[in-house]
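Novice: Sequence:
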Amino acid sequence: MNFRNCLLLIFGVLIFASCGSSKKIAYLQDAETFQDTTSHELYDARIKPKDLLTITVSTFDRDVAMPFNLLMPRLSAKNDLSLTSTPVLQTYLVDNDGYIDFPVLGKIVVGGMTKCEVESMLKMKLKDYIKEEPLVNVRMVNYKITVLGEVARPSTFTVANEKINIYEALAMAGDMTIYGKRENVKLIREEPNGGRTIVVLDLRDKNLMASPYFYLQQNDVIYVEPNKAKARNSSYSSTFSLWFTATSVLISLTSLIVTIKRTN
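208 is the number of the first residue of the sequence shown in the numbering used here; add one for each residue after it.
Just so you know, the hints here were simulated from the structure itself, not pulled from any lab data. Any given hint could turn out to be false.
Below, simulated BS3-like cross-link-like pairs (lysine-lysine); rule was C-alpha separation at most 27 Å, straight line [said to hold, decoys possible]:
#1 Lys-334 to Lys-314
#2 Lys-338 to Lys-257
#3 Lys-338 to Lys-255
#4 Lys-351 to Lys-322
#5 Lys-393 to Lys-413
#6 Lys-393 to Lys-370
#7 Lys-413 to Lys-435
#8 Lys-351 to Lys-334
#9 Lys-257 to Lys-322
#10 Lys-322 to Lys-332
#11 Lys-255 to Lys-370
#12 Lys-255 to Lys-322
#13 Lys-338 to Lys-351
#14 Lys-435 to Lys-257
#15 Lys-351 to Lys-413
#16 Lys-314 to Lys-257
#17 Lys-330 to Lys-255
#18 Lys-332 to Lys-257
#19 Lys-338 to Lys-413
#20 Lys-257 to Lys-370
#21 Lys-393 to Lys-255
#22 Lys-330 to Lys-413
#23 Lys-351 to Lys-370
#24 Lys-322 to Lys-334
#25 Lys-338 to Lys-314
#26 Lys-330 to Lys-257
#27 Lys-413 to Lys-370
#28 Lys-314 to Lys-332
#29 Lys-330 to Lys-370
#30 Lys-334 to Lys-393
#31 Lys-393 to Lys-351
#32 Lys-370 to Lys-334
#33 Lys-393 to Lys-435
Full structure from sequences and hints, please.
Specialist: As structure tokens, this is what we get:
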């Protein structure tokens, strides 16, 4: 085999190896052929027990809406407890049965509902107390997700718009490292009844976009498992560290013995 053929062979091997490695790490492979034929509604998070909500009721007449807003008393200029011009909204904690204690209305169930459904329900209930249709706004305060494992910046992230998919979550964490297993990402989800579900996702699969686990729910945990290369590197690193420590100790002992013999 001449030199030219050797170069062509090496070049072909390199191209083949690069294609193989790309298949291992690329997201959404063959996505240009993806067609989502299932019917989907726009994603809207559902309220769960232990969620924290802020609910505001607004009308043209502020005094009419005030009894239905859970406001936090603050010290005024005279140091007496009163509602100042910049009141702070308190949060509603959803109990284990999905209820909140709403001013005037008492206990109402919100668990399992979207914020739009809660807003519509409150408008209906407030008709008996407010003549004009009020503006009701519901927000989740503690909508957060956690990403850990083989990512650049593992952490817990608060999601302001209450909507995030798994790729956006990874982007917030700085994306996977080269050692992350794209085909074996674990999603840990807490169910409303207190149980937990673990789902294995393949981020290389284009059909993930049609999965019910594509959009994350509040308190979801994403764990990116390390691949075999990272495990081997970790093993080598610990073994090297052990041998380095042992060698340092032996060198120190040898040096001490030599020094003692010279002095004698």
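Novice: Checking against the hints above, which ones are violated?
Specialist: Checked against the structure, the hints that fail are numbers 2, 3, 8, 13, 14, 19, 22, 30 and 32, while the rest are satisfied.
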